[in-house]
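Protein chains: 2
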Amino acid sequence: MTDRTPLPSWRPGRARDTLLEFLDAARSVPQADRVAYFDNDGTLWCERPAYVQLEFFLSALRRRVADDPSIGERAEFAAVLSGDQHRVGELGLARVALALAALFEGFTPEAFAAEVRAFMATATHATLGRPTIATVYQPMLELVGELRRRGFTVGIVTGGGTEFVRAVSEDLYGVPAELVVGTLIAYDFERDRSGRPVLRRTGRVLGDANEGPAKVTNIQTQLGRRPILAAGNSSGDREMLEWATATDRPSLALLVDHDDAEREYAYAGRAETLTETEPITETASRLGWSVVSMANDWETVFSR
Amino acid sequence: MTDRTPLPSWRPGRARDTLLEFLDAARSVPQADRVAYFDNDGTLWCERPAYVQLEFFLSALRRRVADDPSIGERAEFAAVLSGDQHRVGELGLARVALALAALFEGFTPEAFAAEVRAFMATATHATLGRPTIATVYQPMLELVGELRRRGFTVGIVTGGGTEFVRAVSEDLYGVPAELVVGTLIAYDFERDRSGRPVLRRTGRVLGDANEGPAKVTNIQTQLGRRPILAAGNSSGDREMLEWATATDRPSLALLVDHDDAEREYAYAGRAETLTETEPITETASRLGWSVVSMANDWETVFSR
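Heads up: the protein sequence lines correspond to chains Z and F, in order.
Per our numbering, the first sequence runs over residues 1 to 304.
Per our numbering, the second sequence runs over residues 1 to 304.
You may find that some hints are simply not true.
Stretch by stretch, here's where chain F covers chain Z in the computed footprint (C-beta under 8 Å, at least three residues) [to be verified]:
1. 96 to 108
2. 161 to 168
3. 191 to 199
4. 218 to 229
5. 235 to 248
Negatives, chain Z to chain F, calculated, CB over 12 Å [said to hold, decoys possible]:
6. Thr5
7. Arg16
8. Pro49
9. Arg62
10. Ser82
11. Leu91
12. Ala113
13. Arg130
14. Pro131
15. Arg150
16. Asp188
17. Leu206
18. Lys215
19. Asp260
20. Arg263
21. Glu299
Simulated from the structure, these hints should not be mistaken for laboratory data.
Predicted, not measured: the structure shown is a model, and the values here were computed from it.
Where a beta carbon is used, it is the ideal one built from N, C-alpha and C, also for glycine.
Chain Z on its own, in the form it takes in the complex:
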């Protein structure tokens, strides 16, 4: 095609070969069916030591508590402010996340997005010594770009909050809001004093948290196109990766293995909200997915 080397941050090896073979094979797929979905946390950017979304909510909570310390006494908030993962686990991450999301009850979509962007403009990673927005994985950005050059539609399918990710998805990945599917907070339709419509965030989650099988049903209902490439890093991505490859067409399931304690973190991918017994890397080898070793397959890990 050109003499440009694609995927420069991917080291030569099986993962890169598999990707390049898939990209070539996908030329035979009609353009409308060239669709790729990526999990976000741990797949497109760093999710340790804590989800960025959790850091965002924590920062909002700390500001509220500074104004009114009694807010911090609520069990969910006390647990998360203590930094004790065991206390959070006892209450359940879903319950804690819902309590945190409710900090923005009554916000319009625009006001919520502005809060996220203000946070992201200055947030820094706890240990990596870099801005949070620069914990995006450079090899994944290259893959997203290469897919687009080949006529793919690229979306994000995240367990995190849809509106949180939408607030940054265009800037970080070039993904427009309508191609982001995550966990949704319901809105109320209201009218302001002059009678004009206004949307306000509620404290209710719409449907199920976007993990596991829900990723598949939510892709179909909200995006309507099935992927031929799906990338993830945890058991919450399992069904989406299986679905992408349950086809006779060229397809690819990509699993990021966090095995790089030196440059990032080393841990087994696991969705806190699901009970999976099989490690996802074993599922991957059993089902023939492409496992990406962060330590071995990536020459560069982070963007910028």
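Put chain F on the given structure of chain Z with help from the hints.
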């Protein structure tokens, strides 16, 4: 810009002037915010004497009844087969629509889309003497094309079934599946005999029918971007049009007035599922929307 005349099927007049002024003013809006949503039935294509989707379901029902006449005895089916709108009205269109949608319970998304496309390939309009796919409004196709040339993202926000419209939206309007928001049927995530994931349509509607205020909340949750142009033709579009113009930016609400008994139909736009007392054309003049007279503003009505 160019010497090409935009919107050739729009007759000179106030509606066309308003459109051209809006298109010019929208250049000042950042591209990510140049978003336009169109209602489908009665706005992008003909909805009389019956919704195309209803014709599709009726055709499927007639085939089932030919195989097994007892199916036609169910109250909802007997009413709709009788062609007596009064009987359908007594049961409620929502109940009848749900019964019809359940004819495809168990279908995969791919199989359902194939049925829609097979129907559309041969369907003809009851009175207009043209294929159903050629009851798309030529002036609206020109507007959609002009919006895209100016960097707009164009979506469809329909009271009809999301998956029905998605099956034809790319071919008819160049709108990809993820930019179609309508009334959603839930899916079940299942596994086939070899353990591969498969989605199957249920008989359940997800959330509310996509009419009225639900159009606004569903746009935000499923698309995440607010329109600066919204076009509709009935009371079911009212809140969406109000929302599009509740901004200080350049914006436009467009209402198609079906006043052309000669070339199409003459009727007042009204969503069957809502109880509105004010005729939507009066709402339009009260709120300063642009009312498009099919009889006066369109030189050509239909495509092809």
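Non-interface claim for proline 49/Z, where every Cβ of chain F lies beyond 12 Å: holds, 29 Å
Arginine 130/Z and chain F, when compared Cβ to Cβ, separated by more than 12 Å: holds, 26 Å
Three residues or more, CB to CB closer than 8 Å: is that satisfied between the segment 235 to 248 of chain Z and chain F? holds (count 4)
For the segment 161 to 168 of chain Z, count the residues whose Cβ lies under 8 Å from any Cβ of chain F; is that count three or more? holds (count 3)
When you look at the beta carbon of arginine 263/Z, is every beta carbon of chain F farther off than 12 Å? Holds, because the least Cβ-Cβ distance between arginine 263/Z and chain F comes to about 33 Å, which exceeds 12 Å.
Beyond 12 Å from every chain F Cβ: check whether that's true for leucine 206/Z. The assertion about leucine 206/Z is violated, with a minimum of 6 Å to chain F.
Going by Cβ atoms, does serine 82/Z stay more than 12 Å from chain F at every point? holds, 33 Å
Verdict on alanine 113/Z as a residue remote from chain F, using beta-carbon distances over 12 Å: violated, 9 Å
Report holds if the minimum CB distance from aspartate 260/Z to chain F is greater than 12 Å, and violated otherwise. holds, 30 Å
12 Å cut-off, C-beta based - arginine 150/Z kept clear of every residue in chain F: Arginine 150/Z clear of chain F: closest Cβ-Cβ about 16 Å, beyond 12 Å.
Measuring Cβ to Cβ, find out whether proline 131/Z lies farther than 12 Å from everything in chain F. Answer for proline 131/Z: holds, closest chain F Cβ roughly 22 Å.
Does the claim that aspartate 188/Z lies outside the interface with chain F hold up, using a Cβ gap greater than 12 Å? Label violated. Min Cβ-Cβ 8 Å, cutoff 12 Å.
Hint compliance for this structure: hints 1, 12, 16, 17, 18 are not met, and every other hint is.
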